[in-house]
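Got chain U sorted already, so can you dock chain V onto it with the hints?
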Amino acid sequence: MTRLFRAAGAAALLCAVLWQPGMAGVSAQPALTPEERYASPLELLLSPDGARLYVLCQSADEVRVLNAATGRVLQTIPVGHLPRGFSFSPDGRRLYVTNSWDDTVTVIDTYSGHVEATWAAGFEPSSAVANRTGQLLYVADRIGNDITVLDAATGETRTALVAGRGASYLALSADGSRLYATHVYPNATAHRTPPKSEITVIDPAKARVVDRMTLPDIAGVFHVALSGDGRLGVAAQLHPKNLVPLAHVEHGWAFVDTLTVFGADVDSKPVEVPLDELDRYYAMPFGVVIAPDKSRIYVSHGASECVTVIDTRKMLSYVRRHPEGLAENLAASANYVVARIPVGKNPRGLVLSRDGTRLYVANRLDDSISVIDTRWNRVVRTIRLSGPKTITPLRRGEQTFYHAYAFQGQFSCSNCHIDSTFDGLQWDLEPDGFGVDIVDNRLIEDLRGTEPFKWNGGNPTLVKECGIRTEMYFWRSQNYDDLRLTDLVLYIRSLPSRPNRWRAANGELTPAQERGRAIFNRTLDKLGQAIPEANRCSYCHSGPKGTSQKSFDVGTGKSTDNSGVLDTPQLMNVALTAPYLHDGSAQSLEEIWTVYNPHDQHGRTNDLTKDELNDLIEYLRTR
Amino acid sequence: MTHHREHRGHRIGRTAFLFGIFVVVMLAGIPAAQSQQRPGHKVQAIAQEPGVPVMPRFRFENFTTTNGLPDNHVFSVLVDGDRVWAGTENGLAVYEKGTWKTYTTADGLAHRAVLSLAFDQKTGDVWAGTMGGLSRISGGKIDTYTQLNSGLSNDVVYGVSVEGENVWVATAAGACRLNTRTGEWSLYNERNTPMNEIWVYGVSAAPDKVYYAVWGSGLLEYNQKTGLWDKWDDPDGENEMVLLKDQGLIHEIVTSVSYIDGVVWVATYFGDSHYDGRYWHNFLTKDSGLPSNFTNTIRGIDRNRAWFGTDRGLAYYDGTNWSVYRPALDTGKPEMTVRDAKGHVTDIPVKTAPAHNYILGIDFQGRDLWVATARGLSHAIYQP
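Going down the list, the sequences are from chains U and V.
Be aware that the first sequence starts at 1, since it is given in our numbering, and climbs by one per residue.
Be aware that the second sequence starts at 1001, since it is given in our numbering, and climbs by one per residue.
Okay, chain U solo, but in the shape it has when bound (with noise of 0.2 Å):
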């Protein structure tokens, strides 16, 4: 059985290390036709009367309009490459749309349905949110981890506000005197530390952060609403539990997942309020509305394909009992949650009827949209939106990848790997004692050619970390079947590398990035001495995505770990993914070599100056 475990968590080491739930939606397609592509539903907006849905389907590139009451698309408007979030500007005749991977805005007529107009944003714009008088944009970026503001009328960036890492989910309060944004990674702090997350207060007639509500332990911060009456706000988390070892998965508590609610209804600071049971998860809380008469709070599970229903009242009667905060009582729930509907896969994205009847809810995976009778807390009608007839391989492998397989549903592979990336945590997987083998999580863009897996090189193929190994270190109940697990490995492999912000889009390198090429690729150190073969950069580091494949000591190693060598990560997008090593405990890229690298193990690097440092990380930076 012990064999068994930890199997099963290696397994869902891999998965954790290789998917990377944040990249909802992408798969290497490129030349898909539009017929060809799945519409992938991601978040739902409803005209000012309530006539017209407006939904962003991100896989397709496009917003559709349909008919609320009958589901008929009446408009379908192309927009830039996986799009992520849009809303109305406040007189309702625009719609913004983030292009994330295009790293702009969409503004489109919402009487024509034309697009006015294409304005360049921060990096991987994800939501954008306009100031109550329509002058300014403001737009969440998830890998500039800021907040851009835009002029409303001319597109221009007025300034960037330093927002959490991974900037993303962008709320207004009913009255405009604050813009509430969200962030998917947590932001840096020390190495085996808990995590910490904000949510970042902005003045926004001001275009300053007026305040940063701390959230102690959280990883993972999705959608935030706000009451109409502006006294309450709610935002969906992770509660990520990586610093005991994953094998602890069968007591339950690998996350918990949870809302942050605040605001003058909770009479305290903020209060983390557990949507969990005792024995059973509701995985990847994603999106959060609030009833206009505040008397229910919705919030979709991406991983658990249901929605979850909770009594305001009881809610805030139960917080104010417990004002210190209820993440570690899984029972509390039972005080205050009244519904769980089940919907479709990967529900994410979710709006409510101005009169609070009707809660239409985008099923991601499932390219539908659940209707959901408030009053009955029931699907009445599900929406099927236009797309391929028949699930494919890859399909299904991506639905595997955002449904949660851990033992009592604790957890998916999306919860480690946000939008198909990573998480910005270090875990402790397996079951040999405590801080024993502490790893960080990788990107799993374009992995063909990066195996073996594992830090350790442990794990030659997908398959193996994804199977095997992910049901008994992470899942700790059933395996997939193996037309499940090819699926899967077949989603994962299909993943591409998201466009790097660092490297010109003809190729070329700035002077300080050629520079750094150049350290990169040199034989001789600046004494003229020859670097050995093992201790160039290029040498570990080779072929087009960075990794000779093979491991090496590079003096790195801690007395914790069980190998003495270390896979040779690849590079794609390296800039992303701090912290570094293969254990997290380098906070930058720098720190590999100013802290990590004192007897030139890593390299040869103490010879350079600190400029040439810079210059060499700028050329990482381009990988």
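Source of the hints: derived by calculation from the structure; they are not laboratory data.
Glycine included, each C-beta is placed from N, C-alpha and C at the ideal position.
Any given hint might turn out to be false.
Derived coverage of chain U by chain V (criterion: at least 3 residues anywhere in the stretch with Cβ under 8 Å from a Cβ of chain V; other residues may be distant) [what the hints assert, rightly or not]:
| no. | region |
| --- | --- |
| 1 | 101 to 109 |
| 2 | 210 to 222 |
| 3 | 582 to 593 |
| 4 | 603 to 614 |
Cut-off 27 Å, straight-line C-alpha distance, at most; resulting in silico cross-link-like pairs (DSSO-like, lysine-lysine) [claimed, not checked]:
| no. | chain 1 | residue 1 | chain 2 | residue 2 |
| --- | --- | --- | --- | --- |
| 5 | U | Lys206 | V | Lys1122 |
| 6 | U | Lys269 | U | Lys314 |
| 7 | U | Lys196 | V | Lys1231 |
| 8 | V | Lys1231 | U | Lys610 |
| 9 | V | Lys1141 | U | Lys206 |
| 10 | V | Lys1141 | U | Lys196 |
| 11 | U | Lys206 | V | Lys1101 |
| 12 | U | Lys610 | V | Lys1209 |
Some but not every residue of chain V turned toward chain U, in silico, with C-beta under 10 Å [unchecked claim]:
| no. | residue |
| --- | --- |
| 13 | Asp1125 |
| 14 | Gly1139 |
| 15 | Lys1141 |
| 16 | Asp1143 |
| 17 | Thr1146 |
| 18 | Leu1148 |
| 19 | Ser1153 |
| 20 | Ala1172 |
| 21 | Gly1174 |
| 22 | Thr1180 |
| 23 | Thr1182 |
| 24 | Gly1183 |
| 25 | Glu1184 |
| 26 | Leu1187 |
| 27 | Gly1277 |
| 28 | Arg1305 |
Same frame as chain U, but now just chain V:
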């Protein structure tokens, strides 16, 4: 006008000399001796006789540890609307709505000694140069950049200035620039600029040009359009002789620079300079109202007017006349003097003065001033 010198590398003796002066200036912070009355200084018994230039008058309200400052040794001051930030030897203090709050290393500040401050007008972020790195304070959150965890050239950050998306930094080992959008650090030192010494003491950045005050290496100019560097040295070389008064930069040991309206105001420990792009004009105690040639900080208001922070008081120059504000060098009593274009000096009776005459930082709040001194922070409240 422009003088490029060949690279001479590090000179241990010179560096030791500079360091010795630095220790005296930054850590002791107090001048060893004070001079007596200057020649030509006519003491007036009456407050302001006809013909005496009208210069700004202030009531000084001083802050020390007794009323909220974390430390009396204040290196830098920054006004951000109604808030005032004070970089002290024991943390970064912010004054808002009548109370002080202090950020320390426990909050993530890079080091307890905050040497320089800059404000990002577009974001509201405050940048603090410390003895242990560069910190950004944004909405109460502090992110710190050091020479180990980032591309920062050195942890001793004497100067910082924000322009556009770039943060320009002056450190004890060269100058650098952080692009806040891309995260790229660019380092400027003796290898890629005409900087002979790399002890960079101050920076003033504008959309067209960036000026660095280089300790022992004159004034460095970066042209943002061309990406080229230029340099101004003391035409008399590295000594205290001034052969021709306005022939160029007054001295190589440049401590502070302020670039405004196309004019550069330059402070050195041996006099100050003004350069309008064509002509230099220098200020020495012997031929101006400058209370001391030893100037720690300079802040231009426009092309003609500037404030000077010296070791012997706070001085203002309106383009013609001078006024000096300080505790009197002999009695310590509040003192204000006005010097007209002809060199006539008039005492103006006042009841308050800056907390100390060793001035390290100056910033403006409307017509008021905030002044960092070696013995407290002073709020100079304009008296109409």
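Against the structure, the hints come out as follows:
1. By the rule of at least three residues with a Cβ nearer than 8 Å to a Cβ of chain V, the coverage given for the region 101 to 109 of chain U is violated, with 0 such residues.
2. Counting residues of the region 210 to 222 of chain U whose CB lies closer than 8 Å to any CB of chain V gives 3, which reaches the minimum of 3, so the coverage claim holds.
3. Residues of the region 582 to 593 of chain U lying with their CB closer than 8 Å to a CB of chain V number 4, which satisfies the three-residue condition for coverage.
4. Requiring three or more residues with a Cβ within less than 8 Å of a Cβ of chain V, the coverage given for the region 603 to 614 of chain U holds, as 5 such residues are present.
5. Annotation: proposed proximity of U/Lys206 to V/Lys1122 holds, straight-line Cα distance about 10 Å (limit 27 Å).
6. Under the criterion of a C-alpha separation no larger than 27 Å, the hint pairing U/Lys269 with U/Lys314 is consistent with the structure, at around 18 Å.
7. At most 27 Å may separate the alpha-carbon atoms for a hinted pair to count; U/Lys196 and V/Lys1231 exceed this at roughly 47 Å.
8. The suggested pairing of V/Lys1231 with U/Lys610 holds, with an alpha-carbon distance near 23 Å, which does not exceed 27 Å.
9. For a cut-off of 27 Å, the pair hint linking V/Lys1141 to U/Lys206 stands: about 19 Å separates their Cα positions.
10. A threshold of 27 Å between alpha carbons decides the hint, and for V/Lys1141 with U/Lys196 the separation of about 12 Å falls inside it, so the pair holds.
11. Only pairs whose Cα atoms come within 27 Å are accepted, and U/Lys206 paired with V/Lys1101 is accepted, the gap being roughly 23 Å.
12. Simply put, U/Lys610 and V/Lys1209 have alpha-carbon atoms about 25 Å apart, close enough for the 27 Å limit, and the pair holds.
13. Look at V/Asp1125: its Cβ gets to within about 7 Å of chain U, closer than 10 Å, so that hint holds up.
14. For V/Gly1139, the interface hint holds, since its Cβ comes within 10 Å of a Cβ in chain U; the closest pair sits about 3 Å apart.
15. Residue-level restraint check for V/Lys1141 holds (minimum Cβ-Cβ distance to chain U is 5 Å; threshold 10 Å).
16. Nearest Cβ of chain U to the Cβ of V/Asp1143: about 8 Å, under the 10 Å cut. The hint holds.
17. The interface hint given for V/Thr1146 holds, since its Cβ lies 9 Å from the closest Cβ of chain U, which is under the 10 Å cut-off.
18. For V/Leu1148, the interface hint holds, since its Cβ comes within 10 Å of a Cβ in chain U; the closest pair sits about 4 Å apart.
19. Annotation: V/Ser1153 was flagged as interfacial toward chain U, and the flag holds, the nearest CB pair being 6 Å apart, inside 10 Å.
20. A hinted interface residue such as V/Ala1172 counts as satisfied when its beta carbon comes closer than 10 Å to some beta carbon of chain U; here the least separation is about 12 Å, so the hint is violated.
21. With a cut of 10 Å, the hint placing V/Gly1174 at the interface with chain U holds, because the nearest CB-to-CB distance is about 8 Å.
22. The restraint placing V/Thr1180 at the interface with chain U holds, with a minimum CB-CB distance near 7 Å, inside the 10 Å limit.
23. Restraint check, V/Thr1182 versus chain U: the minimum CB separation of about 6 Å is within 10 Å; hint holds.
24. The beta carbon of V/Gly1183 is positioned within 10 Å of a beta carbon in chain U (closest approach about 8 Å), and the interface hint is therefore held.
25. For V/Glu1184, the interface hint holds, the least distance from its beta-carbon to any beta-carbon of chain U being 6 Å, beneath 10 Å.
26. Hint status for V/Leu1187: holds, given a least beta-carbon distance of 4 Å to chain U, under 10 Å.
27. Taking 10 Å as the C-beta contact cut-off toward chain U, the hint placing V/Gly1277 at the interface is violated, the least distance being around 29 Å.
28. Contact between V/Arg1305 and chain U, as hinted, is not supported at the beta carbon level, the nearest pair being about 30 Å apart and thus beyond 10 Å.
Taken one by one, the earlier hints fail for this structure at numbers 1, 7, 20, 27 and 28, listed in ascending order.
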